[in-house]
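Engineer: Could you put the whole structure together from the sequences, leaning on the hints where they help?
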Amino acid sequence: MTIERAGTAEAAGTVKRSVAIRFESVSFSYPATPVLEAASFHVHAGEFAALVGPNGAGKTTALRLILGLVEPESGRVTVLGRSPEEARDAIGYVPQHASYDPAFPISVSEVVRMGRLRSSTRRYGPEDERAVERALSLADVEALAGRPYSALSGGQRRRVLVARALAAEPELLILDEPTANMDAESEGRLFETLGELKGRATILIVTHDTGFVTSLTDAVFCVGEGGSGGRVVKHRAVPAVHAASVQYGGSALQVLHDTALPDNGCCPDDRDGYPERSAR
Amino acid sequence: MSGYVQALLDPSMPFVRNALVAGLLSAVLFGVLGAVVTVKRIAGLAGAIAHAVLGGIGLSLFLAAKGVLPGLPPIVGALVFALLAAAVIGFVSLRAKQREDTVINAIWAIGMSLGVLFIAKTPGYADPMSYLFGNILLVSGRDLALLAALDAVVLFLAWRYYPQIEASAFDEEFARVRGVPTDAVFVATLAVTAVAVVLLQTFVGIVMVIAMLTLPSGTAGFAARSLAAMMAGGAALSALFTVGGLAASWSLDLPAGAVVVVIAGAAFLAASAAVAVGARKRRGRRA
Numbered sequence: 081m082t083i084e085r086a087g088t089a090e091a092a093g094t095v096k097r098s099v100a101i102r103f104e105s106v107s108f109s110y111p112a113t114p115v116l117e118a119a120s121f122h123v124h125a126g127e128f129a130a131l132v133g134p135n136g137a138g139k140t141t142a143l144r145l146i147l148g149l150v151e152p153e154s155g156r157v158t159v160l161g162r163s164p165e166e167a168r169d170a171i172g173y174v175p176q177h178a179s180y181d182p183a184f185p186i187s188v189s190e191v192v193r194m195g196r197l198r199s200s201t202r203r204y205g206p207e208d209e210r211a212v213e214r215a216l217s218l219a220d221v222e223a224l225a226g227r228p229y230s231a232l233s234g235g236q237r238r239r240v241l242v243a244r245a246l247a248a249e250p251e252l253l254i255l256d257e258p259t260a261n262m263d264a265e266s267e268g269r270l271f272e273t274l275g276e277l278k279g280r281a282t283i284l285i286v287t288h289d290t291g292f293v294t295s296l297t298d299a300v301f302c303v304g305e306g307g308s309g310g311r312v313v314k315h316r317a318v319p320a321v322h323a324a325s326v327q328y329g330g331s332a333l334q335v336l337h338d339t340a341l342p343d344n345g346c347c348p349d350d351r352d353g354y355p356e357r358s359a360r
Numbered sequence: 117m118s119g120y121v122q123a124l125l126d127p128s129m130p131f132v133r134n135a136l137v138a139g140l141l142s143a144v145l146f147g148v149l150g151a152v153v154t155v156k157r158i159a160g161l162a163g164a165i166a167h168a169v170l171g172g173i174g175l176s177l178f179l180a181a182k183g184v185l186p187g188l189p190p191i192v193g194a195l196v197f198a199l200l201a202a203a204v205i206g207f208v209s210l211r212a213k214q215r216e217d218t219v220i221n222a223i224w225a226i227g228m229s230l231g232v233l234f235i236a237k238t239p240g241y242a243d244p245m246s247y248l249f250g251n252i253l254l255v256s257g258r259d260l261a262l263l264a265a266l267d268a269v270v271l272f273l274a275w276r277y278y279p280q281i282e283a284s285a286f287d288e289e290f291a292r293v294r295g296v297p298t299d300a301v302f303v304a305t306l307a308v309t310a311v312a313v314v315l316l317q318t319f320v321g322i323v324m325v326i327a328m329l330t331l332p333s334g335t336a337g338f339a340a341r342s343l344a345a346m347m348a349g350g351a352a353l354s355a356l357f358t359v360g361g362l363a364a365s366w367s368l369d370l371p372a373g374a375v376v377v378v379i380a381g382a383a384f385l386a387a388s389a390a391v392a393v394g395a396r397k398r399r400g401r402r403a
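Protein chains in written order, with the numbering used here: chain A, 81 to 360; chain B, 117 to 403.
I should point out that these hints are in silico values taken from the structure, not numbers from a laboratory. Heads up, the beta-carbon is just placed ideally off N, CA and C, and yes, glycines get one too. Do not rely on the hints blindly, as some may be mistaken.
Claimed, not checked - Chain B regions said to be covered by chain A (calculated; three or more residues, Cβ under 8 angstroms): (1) 274-288; (2) 291-297; (3) 341-348.
Structural biologist: Encoded structure:
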């Protein structure tokens, strides 16, 4: 399958900027199932990017590669100029959390504090507590802080998971299907939060909705379109003209799947702009 | 009840006091470890480990009676089998998920069957019933020391790694992204559970140890607001069920382990019913 990079009309002529995520000829396959083949794309720092594609196309694999949960068979993934494992502390991740256990006894503030979790440290310091408070406020879930997580609606839970990701004060925020099973009010509040964050952090939304993306989007990358052969392609996206396309808490952009922008079209000679480290 | 209190104070019946101390020490494991087993939903895995233990007990009894390893205590074989079972289950769970259920059930069945076969071929009399259903009145001073040591280890691990344990159970993928070695947490949980099961089976027996690892913490979970509260509540309830069960079994001349488990089961069902009725009333008021 292939991933394509699509840019909005406005973002097509992007000036040279640091690169937050870079895939260089990345291949990955599950036994007997090739997923990504020589996929190359990059997301600039501060951009709001959408990774779209149908179910089973390889979006989750691309996501797991960015998070360092799996390693590519060939090629290189660089996140914030580092290997994905080294970049983890700077990544805020909002999973789908579909296998959530409603009987798990935990409060909203405890869930958000998990965003400050370290691999083996037990204590949370005053700075951690301040970051949790800021994240609760930014995601507009302060009023829910003392409530049991299981008592929330699906949309509220998703916003709490956004707050948990923001508690890490990330340079890169990744959201996996953020609007799945979400009510319109929560969806509106979520995109309001993301709008406030735009420009302060790189944001990557992964979604199976291939037709439209939020108008916050700067670049659209499509994974697994027919005939793309396991690569990622950048598409152009333009304001949707139909009133019915209003979604994601505002107006939407329509993804033009018949366009394919070259991966290096925006910055032919670019380097990541981050200090070189031992990136894979 | 007064008869039980008199027996507790009777210097000629130390086994009654040992049983009470064993019950209270076990309550810590049932509460703390039970909460982790419950929220991680690995009770089935713990059940397989518990039942595999009979194979180790049978092998120890057989080797000791045959003179191959004279004086080999059953707990040694039990520990070896429990840790082997935990290692296999851990490997299969992490690496070959598609056959997980089959392998776990196979370990469950093979462990028990080996135990029955070894015990059948052991010269002299060996009663598998006391291992299956426990006999708390046979608890020795060494058993108490081992239980106390394991309590200390489990309490320390739960305190030291609480955020990592909580995150691994709540959202394993997120915990991994935060750098928590979730596979190591899982394997360590299985290993500690294996050792605990070996020590706890002296109290309630192999068959019922899983009930005590899930019912008190499950009951506490209805009211708990955090995993730590679930651990504490589960331990308190286990202690309550244990003391009540021991007193009742003494007064009514019934097997102690079974009485404790029946009380724990009844409390869990009553709490479940109360929660269900409460939820229904709330829905009715909203409608």
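Engineer: None of the hints should be skipped; say for each whether it holds.
Structural biologist: For each hint, the structure was consulted:
no.	hint	verdict
1	274-288	holds (count 11)
2	291-297	holds (count 7)
3	341-348	holds (count 5)
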